[in-house]
Amino acid sequence: MSHHLIVRVVSKLLIPFILLFALYVQFHGDFGPGGGFQAGVIFASAFILYALVFGLDNARRVLPEWVTRAGIALGVLIYGGTGVVGILLGHNYLDYSPLGSTAPLGQHIGISVIEFGVGMTVASVMATIFLAFAGRNRDLFDLEE
Amino acid sequence: MAATIYFVVRLHNLLAVVMLGGIYSLLAATMFVVLDAVDVAFTEAAVGAGISTVLMLGALSMTTSVEKTDARSTLLPLLFVVLAGFALIYGTLDMPHYGDPIAPIHQHVAPTYLADSLAKTSVPNVVTAVLASYRGYDTLGEVVVIFTAGVGVVLLIGRGRRRPGRKRDGE
Chain U
0 MSHHLIVRVV SKLLIPFILL FALYVQFHGD FGPGGGFQAG VIFASAFILY
50 ALVFGLDNAR RVLPEWVTRA GIALGVLIYG GTGVVGILLG HNYLDYSPLG
100 STAPLGQHIG ISVIEFGVGM TVASVMATIF LAFAGRNRDL FDLEE
Chain W
0 MAATIYFVVR LHNLLAVVML GGIYSLLAAT MFVVLDAVDV AFTEAAVGAG
50 ISTVLMLGAL SMTTSVEKTD ARSTLLPLLF VVLAGFALIY GTLDMPHYGD
100 PIAPIHQHVA PTYLADSLAK TSVPNVVTAV LASYRGYDTL GEVVVIFTAG
150 VGVVLLIGRG RRRPGRKRDG E
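Chains as they are written, first to last, in numbering that gives the first Met the number 0: chain U, 0 to 144; chain W, 0 to 170.
Hints were generated in silico from the structure; no laboratory data involved.
Some residues of chain U that are not near chain W, with every Cβ distance over 10 angstroms (derived):
{"no.": "1", "residue": "L4"}
{"no.": "2", "residue": "R7"}
{"no.": "3", "residue": "L13"}
{"no.": "4", "residue": "P15"}
{"no.": "5", "residue": "L22"}
{"no.": "6", "residue": "G54"}
{"no.": "7", "residue": "P63"}
{"no.": "8", "residue": "L87"}
{"no.": "9", "residue": "L88"}
{"no.": "10", "residue": "G89"}
Distance windows between CB atoms, simulated:
{"no.": "11", "chain 1": "W", "residue 1": "V33", "chain 2": "U", "residue 2": "G89", "range": "41 to 49 angstroms"}
{"no.": "12", "chain 1": "U", "residue 1": "G31", "chain 2": "W", "residue 2": "Y136", "range": "23 to 31 angstroms"}
{"no.": "13", "chain 1": "W", "residue 1": "L10", "chain 2": "U", "residue 2": "P97", "range": "49 to 57 angstroms"}
Covered stretches of chain U, as calculated for chain W (at least 3 residues, CB under 8 angstroms):
{"no.": "14", "segment": "38-49"}
{"no.": "15", "segment": "96-110"}
In this text, all values refer to a predicted model and were calculated from it rather than measured experimentally.
For glycine and all other residues, C-beta sits at the position ideal for the given N, C-alpha and C.
Next up, chain U with everything else stripped away, as it sits in the complex (with noise of 0.2 angstroms):
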């Protein structure tokens, strides 16, 4: 699809937006609508645009597949690395109260961190799915090497 320039570009000039949104959703999750599902969704379909467009080649190189792998493992860890924060300060698995100053903090801080997990399983399990398929067959996916 590189050829086409109105595509190209209009995908370079929507790609950041889309990665700024996601880091939004992400992050003010605590406040509004949205948190590390739909956050990780939004950001691979960044990756997955930039993918269509540019050729999977080009995407591996921004995204290598290793990486991709490794947040998949590392964003569970992270959610399941707190709850056990929680255990080895004295309190319940999965109980942020301990991570603040104060109970609430704590809360919110804990929340903030698992939502962070969450978006980056999703994200990389969204990311490494389309790979997965769109390398099996390039030609039809329209992708040039």
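Got chain U sorted already, so can you dock chain W onto it with the hints?
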């Protein structure tokens, strides 16, 4: 939405069916907005209408895009579907009306969440507070489900790319 479903059932071109699925998700998202469930609508629009349509297209490109016709009679399955539909509708007759303040769901834990979640978690969005703190175990389970899906896809088809010249037989 009913028209979308009708065409999803009737059409044999799977490409059109996937597109109609995306449209259905978008309509469902608008319905959730009308019901004031903004977070659910957001997820439905992003996941249902966005990503899953792309992934379905990816899966479709690995198979054919035309559904095979089945010569067998569809009368018996239709009968079962209609019966199950009537049973479900009959079941909804006992449910409380939408927005009924004395419905059990509004009496159980929801008032506690609405009243206490800001003071206890200092997170203004109650949905996020319930999702990540009160129901932290459930959300961890959801993340693990997504993790498992990703690992499964990587194990099944993630490595086909590494041997581009080799002929893949036995598939």
